[in-house]
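J.: Line by line, the protein sequences give chains A and B. Everything in the first sequence is counted per our numbering, starting at 1 for the first residue and increasing by one. Everything in the second sequence is counted per our numbering, starting at 1001 for the first residue and increasing by one.
It is worth saying that the hints were derived from the structure and are not from the lab. Positions of the beta carbon are idealized from the N, C-alpha and C atoms, including for glycine. A couple of the hints might just be wrong.
[As the list claims (entries may be wrong)] Straight-line Cα separation of at most 30 Å, BS3-like style, residue types lysine-lysine; simulated pairs: (1) A:K146 to B:K1248; (2) A:K154 to B:K1053; (3) A:K237 to A:K146; (4) A:K90 to B:K1145; (5) A:K86 to B:K1150; (6) B:K1053 to B:K1145; (7) B:K1053 to A:K112; (8) A:K225 to B:K1150; (9) B:K1145 to A:K146; (10) A:K146 to A:K90.
[Stated by the list, open to error] Just some of the chain A residues that point at chain B, by a computed CB distance under 10 Å: (11) G76; (12) F77; (13) P110; (14) R123; (15) Q124; (16) H129; (17) G144; (18) F148; (19) E149; (20) K154; (21) S157; (22) G158; (23) D180; (24) G184.
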Amino acid sequence: MRVVPSQPDLGADAAARKQASAMIEIDRVSQVFRTSGRQDHLALSEISLTIEDGAFVSILGPSGCGKSTLLYIVGGFVSPTSGAAKMRGKVITGPGPDRGPVFQEFALFPWKSVLGNVMYGPRQQGVRHAEAEAQSRALIEMVGLKGFENFYPKELSGGMKQRVALARTLAYHPAVLLMDEPFGALDAHTRTRLQNDLLNIWERDRKTVLFVTHSVEEAVYLSDKVVVMTRSPGRIKEIVDIDLPRPRRRAELLLDPHYQKYVVDIEGMIDDTSEDELRP
Amino acid sequence: MISMRMLVSRLAPLLACLGLLGVWQLGALILDTDSFPTAIDAIRAVPSILGDKESLINILASLRRMAVGYSLAVAVSIPLGLMMGRSRGVASFFNPLLMVIYPVPKAALMPIIMLWLGVGDVAKTLVIFLGVSLPVIYHSFQGAKAVEEKMLWSGAAMGLSAAQRMIRIVLPAALPEILTGCRTGLVLALITMVTSEMIARQSGAGNILFNALDMGQYDTVYAMIIIIGAMGIGLDAAFERLRSRLVKWSEPRFEIPLSFA
């Protein structure tokens, strides 16, 4: 009688545990855009990345590095040319309410009021009207828009629209928030306020967040992990763990030498990237 | 001060009407020919036309054809335009067809249609249908094409299927543009209605007008023009009222009203 070696079992166990904590796995994803006339454009090349449950991960890179495309692939809005993105171990084949996008363009439904926009997801999920309304009103209050429930999007400022978009996405309880340069179209003051509010909201339930940005300060301020990408083709250049205590206070952080070092270091990585491009 | 300006802007279309009638009246008095009665004479002839049972039946028959042709056109054109706007395949199938039909005056097809379908309701309704379809298709197409991709993605993430996105996102998002097409279509329906009755002289408001012209009853001719014109203005105003209610969410706040609504 042979003793079954226990080593492989332990290995499988560890793998299973790793699997459980990995919310999103991006496995050798490449994306080629066919362009008429010119050569095909390789937007993403062999990207592999694991995002743990509850992590706030930023993808940082110059415009045109394919960082938004990567987010759209995780969202299921775009299919990768090769490779696969997985959510909780299952290959992503299309959009779903477990992954909630927030776009730079807000993409609110202009024919719906603020309340109507926020209620849209829960109603689609089959939540009863009264319940959906109560939840939505609470969310609208949480994003600081109490009193604006019956306003139409056209009557709101950019910052307010993005607050509605965030509430609308949070309303259907996605496991992952996919934020595509959400504050990119806002003025500096509004952006700062929304970053602070986003962090406060995130501290409550620590949802997994994939956050695309081209601002180094924003990425360092918000994230647990910053993925720095290069351009043409989009590749991961470096992954930086941001080891700063939470909850983070912007005023303290700006004076913190650790924070400053992260920002300077990462800016350096991006500088290198642009020099790479100058080579023939 | 502001209420005074509002009053003027509200009364402006009415003042424009009165102005036109005044010019007409003066012109007719100066020219003084049989074929150009004064505005007052023409207006006087209106009640006698509307009081006449025969004429009233004719006018109502016209309106019924117009309503049927218009409704059918809208019911077919909106879904077609929206699908063309969202699917390259559908668009490239129908586009060449529409490009050929677009510049052809629909009334010019009337003789052929009469040859096939006779001079009755079907032929006339078909011409109205054709006249209304194109602007509604075109505007629905443009409206659907302009719908933000990210808006559809947001819907997809909420769990809306492709068909649900079409009805619950593309349709409402394109509605302002669609209704612009429907408004143009409404006026075109009136035009094709009169033209069809001018060619297929059997019944209808256009028939009264051209019969009166043949018999030299110029008061009736001009009175019919007033009646048809008033129908157009009334329908347009009613439509505009409905439209602004439906797309309140998209209206810019300050705008010169382009209708009687």
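J.: Which constraints among the numbered hints does this structure fail? Numbers only, ascending.
T.: Violated: hints 2, 3, 4, 6, 7, 9, 10, 16, 17, 18, 19, 21, 22 and 24.
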